[in-house]
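All residue numbers for the sequence shown refer to the numbering used here, where the first residue is 407 and numbers rise by one.
For the record, the hints were derived by calculation from the structure and aren't laboratory data.
Cβ atoms here follow ideal geometry from the backbone N, Cα and C, with glycine treated the same way.
Incorrect hints may have been included.
Said to hold, decoys possible - The calculated label-pair distances, taken between Cβ atoms and stated as ranges, are:
| no. | residue 1 | residue 2 | range |
| --- | --- | --- | --- |
| 1 | ALA452 | ASP598 | 21 to 27 Å |
| 2 | VAL582 | GLY462 | 34 to 40 Å |
| 3 | PHE596 | ARG468 | 27 to 33 Å |
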Amino acid sequence: MLTLYRPGNGRLHRMPAGPKVLLLLAVVLGVSLLPAVWWAAGAAAAVTILAYAMAGLGDGMRELGRQVRSVRWVVAITLAGQLVFLGPEQAVANASRVVAAVVIAALLVITTRVSALLHAVERGLHPLQRLRVDPQRVALLLTVTLNTIPVLARLAGEVRDAQRARGTRASLRLFVVPFLVVALKHADEFGDALTARGVR
Numbered sequence: 407m408l409t410l411y412r413p414g415n416g417r418l419h420r421m422p423a424g425p426k427v428l429l430l431l432a433v434v435l436g437v438s439l440l441p442a443v444w445w446a447a448g449a450a451a452a453v454t455i456l457a458y459a460m461a462g463l464g465d466g467m468r469e470l471g472r473q474v475r476s477v478r479w480v481v482a483i484t485l486a487g488q489l490v491f492l493g494p495e496q497a498v499a500n501a502s503r504v505v506a507a508v509v510i511a512a513l514l515v516i517t518t519r520v521s522a523l524l525h526a527v528e529r530g531l532h533p534l535q536r537l538r539v540d541p542q543r544v545a546l547l548l549t550v551t552l553n554t555i556p557v558l559a560r561l562a563g564e565v566r567d568a569q570r571a572r573g574t575r576a577s578l579r580l581f582v583v584p585f586l587v588v589a590l591k592h593a594d595e596f597g598d599a600l601t602a603r604g605v606r
């Protein structure tokens, strides 16, 4: 399974996967529930900077910059779509909350091995077996989702970098088709990998 985990010895790296999931989930939920006003955009940015500063990554601000750059197309699309239907204040606040939530959630996959994340989610969902919920399948689904968001952001960055290297001007129309091609190719390869491991 493709993972964005980066070895380290920071605070988040040392924290057990279960409490880490709950902590980051609470932070993401808190950011998502901010109102759509100007100060919320600043608050979302401040919480994100604080999260990366306290994560103990060593180069936290550089990593934050990498994560924000990797979702720049998410920022552009979200902001443009919101500006069409909402005013500038709501558009900026909503885009800030979305970006902050995605970037903070990325801390989980950056600082947690996939195996540890799977075990933590399985343990947390174990009591639901009485309700015929399969903890292994749910854990796999959540883990794949958490890993896919930053992977797609990275693929978007690679497509844009390739276009820039060829001298292609920045255009959403010219970006979407090659991005969909590489995203679908990744999904197909990932599905084949899961099938080869007996996951259906």
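CB-CB spacing for ARG468 and PHE596 relative to the 27 to 33 Å hint | Given range 27 to 33 Å: holds, Cβ gap about 28 Å.
Hint check for GLY462 and VAL582 - Cβ pair distance inside 34 to 40 Å | At 38 Å between Cβs, range holds.
Could one say that the CB atoms of ALA452 and ASP598 fall in the range 21 to 27 Å?
-> 42 Å, violated
Hint compliance for this structure: hint 1 alone is broken.
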